[in-house]
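J.: Residue strings, one per chain:
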Amino acid sequence: MPSPPDFSAAELAERFGLQLHGNGAERVVGVGTLAGAEPGQLAFLANPRYRSQLGQTRASVVVMRADDAVDHSGTALLASDPYTAFAKLAALFAQLPQREPGIHPSADIHPSTTIAADAHVGAFCSIGARSRIEAGAVIGPGCVIGEDCVVGAGSELIARVTLVTRVRLGARCLLHPGAVLGADGFGLAMDGGHWIKVPQLGGVVLGNDCEIGANTTIDRGAIEDTVLGDDVRLDNQIQVGHNARIGSHTAMAGCSAVAGSARIGNYCLIGGGVGVLGHLEICDRVVITAMSLVTSSIREPGEYSSGTPLMDNRSWRRNAARFKQLDRIARRLPAIRDE
Amino acid sequence: MPSPPDFSAAELAERFGLQLHGNGAERVVGVGTLAGAEPGQLAFLANPRYRSQLGQTRASVVVMRADDAVDHSGTALLASDPYTAFAKLAALFAQLPQREPGIHPSADIHPSTTIAADAHVGAFCSIGARSRIEAGAVIGPGCVIGEDCVVGAGSELIARVTLVTRVRLGARCLLHPGAVLGADGFGLAMDGGHWIKVPQLGGVVLGNDCEIGANTTIDRGAIEDTVLGDDVRLDNQIQVGHNARIGSHTAMAGCSAVAGSARIGNYCLIGGGVGVLGHLEICDRVVITAMSLVTSSIREPGEYSSGTPLMDNRSWRRNAARFKQLDRIARRLPAIRDE
Amino acid sequence: MPSPPDFSAAELAERFGLQLHGNGAERVVGVGTLAGAEPGQLAFLANPRYRSQLGQTRASVVVMRADDAVDHSGTALLASDPYTAFAKLAALFAQLPQREPGIHPSADIHPSTTIAADAHVGAFCSIGARSRIEAGAVIGPGCVIGEDCVVGAGSELIARVTLVTRVRLGARCLLHPGAVLGADGFGLAMDGGHWIKVPQLGGVVLGNDCEIGANTTIDRGAIEDTVLGDDVRLDNQIQVGHNARIGSHTAMAGCSAVAGSARIGNYCLIGGGVGVLGHLEICDRVVITAMSLVTSSIREPGEYSSGTPLMDNRSWRRNAARFKQLDRIARRLPAIRDE
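Residue numbers (the working numbering), protein chains in the order written: chain A, 1 to 339; chain B, 1001 to 1339; chain C, 2001 to 2339.
Just so you know, these hints were derived from the structure itself, not from any lab.
Keep in mind that the hints are not guaranteed to be accurate.
[Claimed, not checked] Restricting the straight-line Cα-Cα distance to at most 20 Å, the calculated cross-link-like pairs of lysine to any residue (SDA-like) are:
id : chain 1 : residue 1 : chain 2 : residue 2
1  : C       : LYS2088   : C       : SER2106
2  : A       : LYS88     : A       : LYS197
3  : C       : LYS2088   : C       : GLU2014
4  : B       : LYS1088   : C       : GLU2014
5  : A       : LYS88     : B       : ARG1332
6  : C       : LYS2324   : A       : GLN325
7  : B       : LYS1324   : A       : THR295
8  : C       : LYS2197   : B       : SER1248
9  : A       : LYS197    : A       : GLY278
10 : C       : LYS2324   : B       : ARG1332
11 : B       : LYS1197   : A       : ASN208
12 : A       : LYS88     : A       : GLY17
Okay, chain A solo, but in the shape it has when bound (with noise of 0.2 Å):
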């Protein structure tokens, strides 16, 4: 283990161009809330909301817009974006386990693959045919590569990860325990009254800077490749059916879904439980609030919803039979026109 991490306030607002307030001999040692930070630790204000948890604070330092300063004792770094400078310097203090380069003696690999000298290879891990893993790269335990996948260099696979088949990930993807990237597309055709399935010949691409969530399964394509762009990330549980594209810096958060062949633009957001159905196409900066249905391709960039608010049972019950009235009942009015 290194040494814990141990800064002054001074050398933290200089590493990182922040303005020093108050107290630059503040030792911050470790990162804590608002409200349960002790002494030592270093908190952020960003959210208006949870302004009134700073008189109380007893965290040694804040990170805070420059505003919320102007009447605060304490010893705070000034950020425009608060919540952006804290990632930063938390990651200071974040002791991530030491992967050393080397393949452990467990590890089943097959003959023709190339693992540069400085990647690692955990316990019980399978690496096919012709397939290669880059500088500096780590496949943690359990995992499973298939045949022609590419890791790219720095990638990481935390563990339990599954690569089925020509599956090539960018430099410095993250891929959480449980992802299964490359296996089959859902391709059926119909053949005298019972399925055949339709080969799925493709592979799965990402870009650079990709993170994939734990138990997130992402389809190889059916004839062309299913694409992930650059700084993609998918948080759990995502599913992305086979030949969809997804655009660089998109966000999807857990449980969403994106059916075969849809096409998400560039920095969208997708909100958790978010279904969006086969051979759509969205546009870049759209944003889709959580559990809705996309049925549509979208054009426009903005913010979409679909579904109905939470009420008390019973009120839902009265409010949910009309719906299946809301017809006859429009037809009783003067006609309403589609704006």
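Once you have looked at the hints, place chains B and C on chain A.
T.: For chains B and C alone, kept in the frame of chain A given last:
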């Protein structure tokens, strides 16, 4: 294998403090459903809707309420709550595989771990630095346990469970295959057009007697911990975001999701596919029906719902189209105030 | 690796009983999309919406309907169902990895198992007492198979699949990574303020030719079995509760969920993210559109839906607020009777 279970109705009545109706000498060697049981099997009648099956059942003994037994000619065990009584009785007939104390020779264990002498660690398990496996715990095959984790006394990880880091389980917890606890929470900050990761420095803490379903994911906290109380029961494929808190005795059905920093009270029942947005509070004894979305805090116990009823697709299309006009429809009418 | 596939259009026409249009000497060495194919590749035209791409395609041979070929100058294979024909043709170009018969030396196999001489068991697999792996079955790396399981002839577990206990697969089933079959059903009874577990004494039975997607979970039954018929096709991240029954040839899209004891008929198509409540029956040939919730039994074949359309968030908020008033709105109008 132990000798197969074989009890008389009288023995079962005495062991579980139930009143015997009929022939105490009836033998019971297994369990069945009212409709499907064979002689020698124990069945139960809890739901009145199955009462009609009582006449035809071939079960040797049936657990039921006293009033259901009045004109029942067969042998019965009388319980105020037949389902709970059956749950206890059936446990006698569950022949669970033995997991002998000891560490499988293939397991990869960091020298700094502490493993109780009577714990079981199965094949192809990895256990990281400073983790502790307490008395009688069972770690099934293919589990990965990272750094600084605790598996409490008598807890069992069935197989292929991952505890990423700083995951602390109480006593008698049961984790099903594919569960991932302690993966990074989904914390991102935008910095000059690309995402940077907010370090996830907290852990996951479970109380005693929790059950976590197959492929369920519980992320670790950003600064403080993600916390489940005692006797929390999570079904399969549930997602729990970082810093969420779930109260004791709360049960959640499959595919539900709790976003970051949400707090759910004690004795709540969360239906399948339900979504709970981040930073909300749900008080004790709240029931949420299946596939509802909770978008604001709930302060009163009771049952809550959202969504619309299922209809044939043609009717649904007509009504759903009118939903887009609902505000204009309402404005045609004399003002309707929220009650 | 076998020699790469190379066929003439005439050979393909003959092998699959398709009518040849144009030059039977055209060589086909792979497949592509109409838009993306290169010379030497086979493409298909099934969806009329892509008909315009036919003029520009560089594919050497295209599978299409006879009427689409009338004024097509290139080479074509004529099929009444081009998609199904393509599925069969494309299989010729799928170069699947060889899985040699035999048991990997690292595998941990209970002495009481039965493993066919020509079956394949990969690295880091665990197989428990009394389980049977039949002729030609393939168990990929990192699978865990518990007690009393059967993997039928020619079935394949790609990698990291778990069969917990009493799981019996028919012939030619295909299970994708992360799938968990036979975990405890979610059976709980309240006893004096805390939950007790209802023992899950049943198993899981799959017919022949079933496909189970990545990270899909199918719980074992409480007393009797959870049962899937023949040719059932489940996409990724589907949850099937204990004692559910799914009829033959039914296909379910990703992230759908079937609660305990529900029965789904034959030839049903269940959309992505659909929920089916427990103890319901759905008859044969029912289609449920994406993210609908089935709250009562369905006795008539046809297409069913629930939910509301996607709107810009501002309009949605206005309309959703009115949903809370819907019953009062309706009561302002002359009585509307359900049709």
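J.: Each hint: holds or not?
T.: Checked hints:
| no. | hint | in the structure |
| --- | --- | --- |
| 1 | C/LYS2088 with C/SER2106 | 37 Å, violated |
| 2 | A/LYS88 with A/LYS197 | 48 Å, violated |
| 3 | C/LYS2088 with C/GLU2014 | 13 Å, holds |
| 4 | B/LYS1088 with C/GLU2014 | 65 Å, violated |
| 5 | A/LYS88 with B/ARG1332 | 54 Å, violated |
| 6 | C/LYS2324 with A/GLN325 | 15 Å, holds |
| 7 | B/LYS1324 with A/THR295 | 14 Å, holds |
| 8 | C/LYS2197 with B/SER1248 | 16 Å, holds |
| 9 | A/LYS197 with A/GLY278 | 18 Å, holds |
| 10 | C/LYS2324 with B/ARG1332 | 16 Å, holds |
| 11 | B/LYS1197 with A/ASN208 | 14 Å, holds |
| 12 | A/LYS88 with A/GLY17 | 11 Å, holds |
Comparing the model with each numbered hint stated earlier shows that hints 1, 2, 4, 5 do not hold.
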